[in-house]
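Engineer: If you want the building blocks of each chain, they are given just below.
4 protein chains.
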Amino acid sequence: MRILLSNDDGYFAPGIAALVKAVSDLATVTVVAPEQDRSGASNSLTLDRPLSLRRAANGFYFVNGTPTDCVHLAVTGMLDERPDMVLSGINLGANMGDDTIYSGTVAAATEGYLLGVPAVAVSLVGKHGEHFETAARVARELVQRFQRQDFGGPVLLNVNVPDVPYEELKGLRVTRLGRRHKAEPVVKQLSPRGETVYWVGPAGEAADAGESTDFHAVAEGYASVTPLQIDLTHTAQIGAAWEWLKA
Amino acid sequence: MRILLSNDDGYFAPGIAALVKAVSDLATVTVVAPEQDRSGASNSLTLDRPLSLRRAANGFYFVNGTPTDCVHLAVTGMLDERPDMVLSGINLGANMGDDTIYSGTVAAATEGYLLGVPAVAVSLVGKHGEHFETAARVARELVQRFQRQDFGGPVLLNVNVPDVPYEELKGLRVTRLGRRHKAEPVVKQLSPRGETVYWVGPAGEAADAGESTDFHAVAEGYASVTPLQIDLTHTAQIGAAWEWLKA
Amino acid sequence: MRILLSNDDGYFAPGIAALVKAVSDLATVTVVAPEQDRSGASNSLTLDRPLSLRRAANGFYFVNGTPTDCVHLAVTGMLDERPDMVLSGINLGANMGDDTIYSGTVAAATEGYLLGVPAVAVSLVGKHGEHFETAARVARELVQRFQRQDFGGPVLLNVNVPDVPYEELKGLRVTRLGRRHKAEPVVKQLSPRGETVYWVGPAGEAADAGESTDFHAVAEGYASVTPLQIDLTHTAQIGAAWEWLKA
Amino acid sequence: MRILLSNDDGYFAPGIAALVKAVSDLATVTVVAPEQDRSGASNSLTLDRPLSLRRAANGFYFVNGTPTDCVHLAVTGMLDERPDMVLSGINLGANMGDDTIYSGTVAAATEGYLLGVPAVAVSLVGKHGEHFETAARVARELVQRFQRQDFGGPVLLNVNVPDVPYEELKGLRVTRLGRRHKAEPVVKQLSPRGETVYWVGPAGEAADAGESTDFHAVAEGYASVTPLQIDLTHTAQIGAAWEWLKA
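Residue numbers (this note's numbering), protein chains in the order written: chain A, 8 to 254; chain B, 8 to 254; chain C, 8 to 254; chain D, 8 to 254.
For reference, chain A alone in the conformation it holds in the complex:
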């Protein structure tokens, strides 16, 4: 089995090292990750310049681009054989609810899925990253499950794991994405040159954290597994849109 690993925190991040360690005895592992921290990169793709690929002392490859660039370049040009799985992470911080659309971690997995490779994004829900090994072990178990049994079709899983010791993890739950309230306003600061600058503020609080959501599962102490797809069509509004256009 061949696994392609990527992330959005950069190739030097502790999360990806933990992921490599967790799965490297299960498969042939290649790391292709961004040169820099690209958190918040979403599915951003670099079109206005070519990408460079380099190899670090530890054997990891890094690209001067986005998470999506990394997986795209690896699968369509660098690797001799198509990987059997794309693993992205372990992100330091949750990727749940609406935030998923901003996530570079999820985007790296999404690019694998779009290119026909089963893909899993793994995030650790916490600020300080105390238990990467818990998320790493969840990732390992998912890989082993894939090895035992194919999912039976294209699949893109968004996994969020509470930042607790593995023994305290209550199990896995399949969830849907929750919803957040609107983001907090931008935070203004004054630069030393007297110019106002604006920091993007924190995400909003959970607005829909109902029982079947990722927010709820994690709050209850479970690892959340959400199957994703990439069709943004609002099917339920198609009729209303026709009505409105005719109005």
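Please note that a few of the clues may not be correct.
Copies of the same chain look alike in the list, so a pair counts if it works inside one copy or between any two.
As the list claims (entries may be wrong) - The calculated DSSO-like cross-link candidates involving lysine-lysine, where the alpha carbons are at most 27 Å apart (straight line), are:
| id | residue 1 | residue 2 |
| --- | --- | --- |
| 1 | LYS134 | LYS253 |
| 2 | LYS189 | LYS177 |
| 3 | LYS195 | LYS134 |
| 4 | LYS253 | LYS28 |
| 5 | LYS177 | LYS28 |
| 6 | LYS177 | LYS195 |
| 7 | LYS177 | LYS253 |
| 8 | LYS134 | LYS28 |
| 9 | LYS253 | LYS189 |
| 10 | LYS134 | LYS189 |
| 11 | LYS134 | LYS177 |
Keep in mind the hints are simulated off the structure, nothing from the lab.
The structure displayed is predicted, hence computed values, not measured ones.
Fit chains B, C and D to the supplied structure of chain A, relying on the hints for placement.
Structural biologist: The following block gives chains B, C and D in isolation, referenced to the frame of chain A:
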């Protein structure tokens, strides 16, 4: 009525100038757009540094960030009053099918939608941008329709307009997103310093361009209007995922 | 006569518009300037990716690179004929003393000089840029002087003009670069995500502002004209270095 | 003794690792280097956003900025005590002659010098970096010399070492900077999207490689040591400039 305009081609692009011209007599218009061309930016959000906001000679504001940054900053920190609509575009080039997830044009509108503002992304389907005025007129008509009749709820419309004279446009069609085949492989070049560099290749051909899709509508000469949402949950796979996890 | 204009504040900056206006009846003028504000870019040259060249609605060309990139690209690849002069500016803010080595404005002129073209960098000494027309008129006069009489060899002039009405300007003075005291320390701020970030602080106060310096000339109300060269060898230390190495 | 190390190839580059290894038993060593390869950065300083400082697994600090930013931040805000020396490198590739003004390696050392710290920039003259240990040993010997005998004043040394085994090195020579012929033209390529892009071309051949120059010393098999200063005033032209202005 107050309209916030943005795009991903940069505040200096002809597409946004055409859009401003088309709607400025209908509403109070504020332009907040990226300083640089940020095509392919997706929903990328800048978290590792603050943003600067400047004003160009023509009154347009520009931000050293992504399309999402622009709308986020404008709505949550800069504008005194919440806009009644976010208009994004006119993008030079289609944003249809799977490509929608990479689009900065759609992302700017999506950020408006997430912040509770009705939003429309407008793209001109063509390489050379010969008929921006056609897409501008379609945008104007949609704004007028909003003024006559509220959509009746949150709405995010992805509009793709054929690059033809307005008289040749056959009308509007409400569509779903089509699907593409996998992207073409990366294109390798050699830099003058002897290093291999990799350009992201062209998007794949349409794989699902069935009758109800955006691809089909545009190919037939219609402007395509796709209502979007942002929940990526693959609802149909939730049962299968439970089964698989238990296996 | 053909003049190439560039700057480091970006092609949209008021300073370069003032410069174009001041000299466009004297020569054929081509503007090739950075897409973004690149203040502080020094002689930075982009080696890890290719550059793109675009044309704005007003006819100015812009490049996704540094001031040095702009002049380098224009002279060695874009312009059909070598320009007779490179003009850089008008920078908003002084480029005097030690700061000259950080300046993108001076760097654009330096690149012209290195490529064999007489070059002049023009900066307006002030924070608010109230009298660009004064610096523009000084630039115009220097161009006219070049037209009347060649400098008689390669030349790189660093011009700093007080931000006063032209009538209050006392004249021109040829100067040497002064020296500054050490820069102020970096300024720490806390990001909304709780991370410490560091802004480069203000430049130090003038340490050597003696009579023949640029600092002194400007303080006295004169435009300062400093001829520059680019050989950084500390000739006076060569003997001492030999002694030290033998020690 | 406390040494601050930086470079322009990035904190992960083999050259800086070799340098750390060579001097870490002689002094307390702190590495603060750019997050990314910033070759060609010159004295570029980041003024439009704050900088972030992070620590890698191996204890090296890295900054999302330029070589100059790194030294500036370390000396004026991060280190508790002023370092006794700044060492920059080992650069992969020469920094000789006119190229010195583009060099980020030299710039990191220059920033130390401007802040009052003796500074040495070390470059390995070759394309493939086969003998970093030779340059590392030269750097070590210079540090030991500083420890035995102070230079007796502010000093900024630009050191270029041939890429040969240490036994083949003929010794050290104090030199002046040579001169190059004009750079080669930009190299045009066509992107897969049909746009012309421009790579900065190779540096010109040596034009002045006379006996006392850095070019000559290295060609003869010596390590070149050039004392630098940062006053760009063209003193010899001051009279001519007065004449010309009066003309």
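Engineer: Next, verify each hint and record whether it holds.
Structural biologist: Hint check results:
no.: 1; hint: LYS134 to LYS253; in the structure: neither (50 Å within a copy, 30 Å between copies)
no.: 2; hint: LYS189 to LYS177; in the structure: neither (30 Å within a copy, 38 Å between copies)
no.: 3; hint: LYS195 to LYS134; in the structure: both (23 Å within a copy, 22 Å between copies)
no.: 4; hint: LYS253 to LYS28; in the structure: between (58 Å within a copy, 25 Å between copies)
no.: 5; hint: LYS177 to LYS28; in the structure: within (23 Å within a copy, 47 Å between copies)
no.: 6; hint: LYS177 to LYS195; in the structure: neither (41 Å within a copy, 42 Å between copies)
no.: 7; hint: LYS177 to LYS253; in the structure: between (52 Å within a copy, 15 Å between copies)
no.: 8; hint: LYS134 to LYS28; in the structure: within (22 Å within a copy, 34 Å between copies)
no.: 9; hint: LYS253 to LYS189; in the structure: neither (31 Å within a copy, 36 Å between copies)
no.: 10; hint: LYS134 to LYS189; in the structure: within (21 Å within a copy, 36 Å between copies)
no.: 11; hint: LYS134 to LYS177; in the structure: within (20 Å within a copy, 53 Å between copies)
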